[in-house]
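**Student:** Chain by chain, the residues:
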Amino acid sequence: MRTFRSRALAAAVLAPLLVVTACGDDDEAPADEGADDQEEPDDGEDEPAEAATLTISKNSIRGGKSTEEAEFIEDWIIPEFESRMAEEGVDVTVNFEGSGADDEDYKTALALDLSTGAGADVFAIDGIWVGEFAEAGYIQPLNQIYDGVDDWDGWSQINEAVQQNMSFNGERYGIPGGTDGRVIYFNKELFAQAGLPEDWQPTSWEELLDAGRALAELDGVIPIQLNAGTPMGEATTMQGVLPMLAGAGARIWEEDSGWQGASEPVQQVLDLYYTIYVEEGLGDPLLQQEAAGRDNSFLQFSEGQIGMLLEGDYLWRSVISPDSDLAPMENRDEVIGWAKIPAIEPGAGVDGQDFVSMSGGGGTVLNPNTEHPELAWELLTFMESEEALLERHAEQPRITARDDVNAQLIDDPLISYIAEEVLPITFYRPGFETYPQVSVALQEATAAAADGTTAADAAADYQATLEGIVGADNVAN
Amino acid sequence: MPTTSPTELQPQGPTSPGGPLRRRGTADDAAGLGRSRASAFVAPALVMIGIFLVFPALWTLYLGVTNWRLTGAAAADPEFVGLDNYLDALTDDRFLNSLYLTVIFVFFSAIAGQMVIGFTIAWVLRLSSKRIRPAVEMLVLIAWILPASVIAWLWLALLDRRSGTLNTILGTEGTAWLLEYPMQSIIAFNIFNGTAFSMLLFGAALASIPPSQLETARMVGAGTWATLRDVVFPNIRGHVLTVMLLVTLWTFNVFTPFLLTAGGPNQQTEILPVFIYRLALQAGELGKGAAFSLIMILINLVIALVYLRVLRERRT
Numbered sequence: 062m063r064t065f066r067s068r069a070l071a072a073a074v075l076a077p078l079l080v081v082t083a084c085g086d087d088d089e090a091p092a093d094e095g096a097d098d099q100e101e102p103d104d105g106e107d108e109p110a111e112a113a114t115l116t117i118s119k120n121s122i123r124g125g126k127s128t129e130e131a132e133f134i135e136d137w138i139i140p141e142f143e144s145r146m147a148e149e150g151v152d153v154t155v156n157f158e159g160s161g162a163d164d165e166d167y168k169t170a171l172a173l174d175l176s177t178g179a180g181a182d183v184f185a186i187d188g189i190w191v192g193e194f195a196e197a198g199y200i201q202p203l204n205q206i207y208d209g210v211d212d213w214d215g216w217s218q219i220n221e222a223v224q225q226n227m228s229f230n231g232e233r234y235g236i237p238g239g240t241d242g243r244v245i246y247f248n249k250e251l252f253a254q255a256g257l258p259e260d261w262q263p264t265s266w267e268e269l270l271d272a273g274r275a276l277a278e279l280d281g282v283i284p285i286q287l288n289a290g291t292p293m294g295e296a297t298t299m300q301g302v303l304p305m306l307a308g309a310g311a312r313i314w315e316e317d318s319g320w321q322g323a324s325e326p327v328q329q330v331l332d333l334y335y336t337i338y339v340e341e342g343l344g345d346p347l348l349q350q351e352a353a354g355r356d357n358s359f360l361q362f363s364e365g366q367i368g369m370l371l372e373g374d375y376l377w378r379s380v381i382s383p384d385s386d387l388a389p390m391e392n393r394d395e396v397i398g399w400a401k402i403p404a405i406e407p408g409a410g411v412d413g414q415d416f417v418s419m420s421g422g423g424g425t426v427l428n429p430n431t432e433h434p435e436l437a438w439e440l441l442t443f444m445e446s447e448e449a450l451l452e453r454h455a456e457q458p459r460i461t462a463r464d465d466v467n468a469q470l471i472d473d474p475l476i477s478y479i480a481e482e483v484l485p486i487t488f489y490r491p492g493f494e495t496y497p498q499v500s501v502a503l504q505e506a507t508a509a510a511a512d513g514t515t516a517a518d519a520a521a522d523y524q525a526t527l528e529g530i531v532g533a534d535n536v537a538n
Numbered sequence: 676m677p678t679t680s681p682t683e684l685q686p687q688g689p690t691s692p693g694g695p696l697r698r699r700g701t702a703d704d705a706a707g708l709g710r711s712r713a714s715a716f717v718a719p720a721l722v723m724i725g726i727f728l729v730f731p732a733l734w735t736l737y738l739g740v741t742n743w744r745l746t747g748a749a750a751a752d753p754e755f756v757g758l759d760n761y762l763d764a765l766t767d768d769r770f771l772n773s774l775y776l777t778v779i780f781v782f783f784s785a786i787a788g789q790m791v792i793g794f795t796i797a798w799v800l801r802l803s804s805k806r807i808r809p810a811v812e813m814l815v816l817i818a819w820i821l822p823a824s825v826i827a828w829l830w831l832a833l834l835d836r837r838s839g840t841l842n843t844i845l846g847t848e849g850t851a852w853l854l855e856y857p858m859q860s861i862i863a864f865n866i867f868n869g870t871a872f873s874m875l876l877f878g879a880a881l882a883s884i885p886p887s888q889l890e891t892a893r894m895v896g897a898g899t900w901a902t903l904r905d906v907v908f909p910n911i912r913g914h915v916l917t918v919m920l921l922v923t924l925w926t927f928n929v930f931t932p933f934l935l936t937a938g939g940p941n942q943q944t945e946i947l948p949v950f951i952y953r954l955a956l957q958a959g960e961l962g963k964g965a966a967f968s969l970i971m972i973l974i975n976l977v978i979a980l981v982y983l984r985v986l987r988e989r990r991t
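Protein chains in written order, with the numbering used here: chain P, 62 to 538; chain C, 676 to 991.
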């Protein structure tokens with residue numbers, strides 16, 4: 062009886078401990094393998110049986126968001142890369158981890174992965190996240206992850222301004238994927254019905270509103286959809302506040318004065334929102350509050366229910382292109398026109414410009430914790446090689462980071478327009494760690510204005526939030 | 676428990692001579708394990724509780740006094756900020772508003788919704804036929820058993836602005852229920868989701884009422900309301916309190932309305948769990964999120980304490 066009791070006791074004590082240790086083993090096993098690999102990356106070639114695994118992560122997914130990109134990676138990049146490496150005697154398996162979430166959720170997932178030392182070996186991030194990811198230690202300058210980075214011949218094809226998108230404190234953190242520009246898209250059929258010209262180009266906000274008023278006469282048409290509110294995330298800032306702010310004569314951040322608070326330009330922008338959504342009802346404020354509002358705005362635009370939509374070239378090449386999965390338009394080329402974004406009045410934009418735009422762009426970085434830095438770099442440069450980019454964008458041109466590719470690629474009318482007409486007048490966001498928080502504060506201000514708060518009140522709230530983020534000293538008066 | 680068991684046993688003691696001594700011994704050590712072995716048996720559970728409950732709670736307490744963020748310099752190197760986060764919470768309009776919304780949400784969806792409707796169904800079904808009762812119970816249970824994400828999807832389809840079922844039925848084309856009536860929508864959603872639990876518990880409670888009392892009430896001609904007030908509720912008060920505690924705590928902590936409205940539009944449905952998620956993970960303010968979480972844990976504790984106090988008063 063006694064022995065039975067003590068055995069039972071031992072079992073009772075040990076069983077949960079076994080469970081605990083078993084869980085621990087699961088976690089540690091891959092890390093141990095990783096440690097071994099890292100210790101002998103050079104003589105690893107003596108053991109070809111040791112297969113390496115790399116993972117690519119992007120916010121695109123087959124059959125969903127940016128499906129063409131996901132398909133291209135899975136159907137071309139991965140098989141090509143694996144077979145080429147196999148020819149060199151390197152056994153490597155590449156996986157693609159797709160995602161179809163909003164950019165902000167994708168960023169949260171990435172940051173959580175990276176904060177625990179996990180995450181894909183090669184992954185895409187937006188240029189404005191570089192600062193905060195670098196400060197957090199989630200990403201490192203490429204040449205600290207792998208020695209041979211600076212020797213890559215591709216760098217000479219990427220101009221300095223574009224490289225800045227993926228740089229922080231003068232160090233390259235990733236290879237930029239290209240840049241973009243923003244225009245006002247309009248539906249020519251609706252414009253014709255409203256008696257507006259096919260080659261419409263407003264030169265002031267008043268002319269923009271006039272076109273909206275003309276469209277308002279049509280039944281069942283939303284005249285202007287200017288992104289507002291937080292559900293649209295950065296799309297509100299990039300396709301709403303910032304281009305309009307540039308048109309009102311201010312950058313969100315100036316070298317010598319700091320961040321824009323409740324200044325006159327900010328109030329003018331918020332007043333524009335108020336005019337469009339509240340005073341004149343030229344836009345649909347509910348659409349701006351829907352969780353899937355941006356996708357629905359795409360859909361409604363493609364179905365001819367929205368007259369004017371301020372968007373980037375992403376809309377043209379990935380959303381309403383005839384082969385898109387999101388909101389394909391068979392007759393896109395005939396029906397959709399575009400115009401530059403006007404300043405509030407001619408010559409009133411930043412630097413006295415008549416027209417303005419905003420540009421950004423993401424890129425692809427390496428995980429500092431990758432077990433195979435050399436192979437990961439190899440994969441990254443293959444993805445950004447002239448050959449791969451030509452293959453990827455032959456059907457679906459965009460402004461890539463590489464000059465050699467752009468020279469052969471860009472014949473699409475909208476993409477050429479952006480490259481020639483828009484990029485010379487465009488502005489970039491400040492690459493500070495605090496920018497994403499300021500961006501959310503701007504989104505909240507537009508949400509308030511579109512919901513009926515006057516521009517002055519919305520601006521005052523924004524100023525208070527801004528001071529909490531960057532400190533009152535850094536807000537321009 | 677150890678303090679109550681001897682007192683319950685004692686009245687039986689005097690019936691057998693020499694009993695009290697032995698019984699006292701077994702009451703102190705019913706299994707005959709001795710203090711050390713008994714401790715060893717409890718130890719694994721305590722270790723688990725320590726690892727998965729106490730440690731995270733203390734860790735949350737620690738994180739709450741830092742400015743830790745998900746990204747940026749404060750992610751790599753969080754600084755100690757003392758009680759700033761807690762003070763912020765008490766002066767933050769958004770937090771106070773969120774607390775207010777949570778109270779509204781809990782009152783209407785848990786107490787007025789799940790409990791009242793759950794009791795009503797249980798009361799009506801009590802006397803209904805053998806065929807109807809299982810059928811209704813099954814339908815209500817399905818709403819409870821289905822994963823919240825599935826139910827959220829069904830509700831999104833129901834309330835959709837452009838081609839939603841509800842708009843088709845009511846002929847209210849273009850009504851964006853989730854945007855125009857956001858709080859009402861998530862309250863209805865949560866009632867749908869959780870009523871089954873109240874119904875089941877109340878059903879069991881009603882079955883425990885001595886039929887003789889109900890018969891007597893009927894014989895003296897008591898109406899439904901008088902029966903409920905004088906016979907049913909005095910009998911099931913303990914059950915009502917239990918249901919109220921559980922449903923209140925669950926609803927207070929529930930996150931699934933996020934799947935419908937994500938806290939929007941313009942923070943109109945930003946109940947506490949959603950607010951903390953948005954603050955900590957979407958805005959990346961992990962330190963603040965931890966502080967607000969701790970405040971939420973404290974509120975939970977207060978609710979539980981009030982309940983225990985009331986329950987004890989009822990017993991004595």
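Note that these hints are calculated values from the structure, not bench results.
Just so you know, not all the hints are guaranteed correct.
Unchecked claim - One-sided and incomplete, this derived list gives chain C residues near chain P with beta-carbon spacing under 10 Å:
#1 L745
#2 A750
#3 A751
#4 E754
#5 G757
#6 A832
#7 L833
#8 R836
#9 T847
#10 L853
#11 L854
#12 L935
#13 A937
#14 P940
#15 N941
Stated by the list, open to error - So, partial list: chain C residues that the calculated Cβ filter (under 10 Å) puts toward chain P:
#16 P731
#17 A732
#18 R837
#19 L924
#20 A958
This one's a predicted model, so the numbers in the text were calculated from it and none came from an experiment.
All residues carry an ideal CB built from backbone N, CA and C; glycine is no exception.
**Student:** Does the interface hint hold: is C/P731 within less than 10 Å of chain P, judged Cβ to Cβ?
**Tutor:** Because about 16 Å separates C/P731 from the closest Cβ in chain P, which is outside the 10 Å limit, the hint is violated.
**Student:** Please verify that hint: C/P940, Cβ, nearest Cβ of chain P, below 10 Å or not.
**Tutor:** 4 Å, holds
**Student:** Hey, does the C/L745 contact hint survive, CB to chain P under 10 Å?
**Tutor:** Result: holds, 5 Å to nearest chain P Cβ.
**Student:** Take the shortest C-beta to C-beta distance between C/L935 and chain P; is it under 10 Å?
**Tutor:** With Cβ-Cβ at 8 Å, under 10 Å, it holds.
**Student:** Does C/E754 hold up as a contact with chain P if the rule is Cβ-Cβ below 10 Å?
**Tutor:** 13 Å, violated
**Student:** Using Cβ atoms only, decide whether C/L854 comes closer than 10 Å to chain P, and label the hint accordingly.
**Tutor:** Constraint on C/L854 satisfied, holds at 5 Å.
**Student:** Please verify that hint: C/R837, Cβ, nearest Cβ of chain P, below 10 Å or not.
**Tutor:** Result: holds, 8 Å to nearest chain P Cβ.
**Student:** With a cut-off of 10 Å on the beta carbons, see whether C/A937 makes it to chain P.
**Tutor:** 5 Å, holds
**Student:** Does C/A958 pass the interface hint, meaning its C-beta sits closer than 10 Å to a C-beta of chain P?
**Tutor:** Hint holds; C/A958 Cβ to chain P Cβ min 7 Å, cut 10 Å.
**Student:** Is the interface hint for C/R836 satisfied, with its Cβ closer than 10 Å to some Cβ of chain P?
**Tutor:** 7 Å, holds
**Student:** Taking 10 Å as the limit, does the beta-carbon of C/L924 come near enough to a beta-carbon in chain P?
**Tutor:** Since the shortest Cβ distance to chain P is 27 Å, the answer is violated.
**Student:** Given a cut of 10 Å on the nearest C-beta pair, is the interface hint for C/A750 held or broken against chain P?
**Tutor:** This interface hint holds because 4 Å falls under the 10 Å limit.
The structure is inconsistent with the numbered hints 4, 5, 6, 7, 9, 16, 17 and 19, although it conforms to all the rest.
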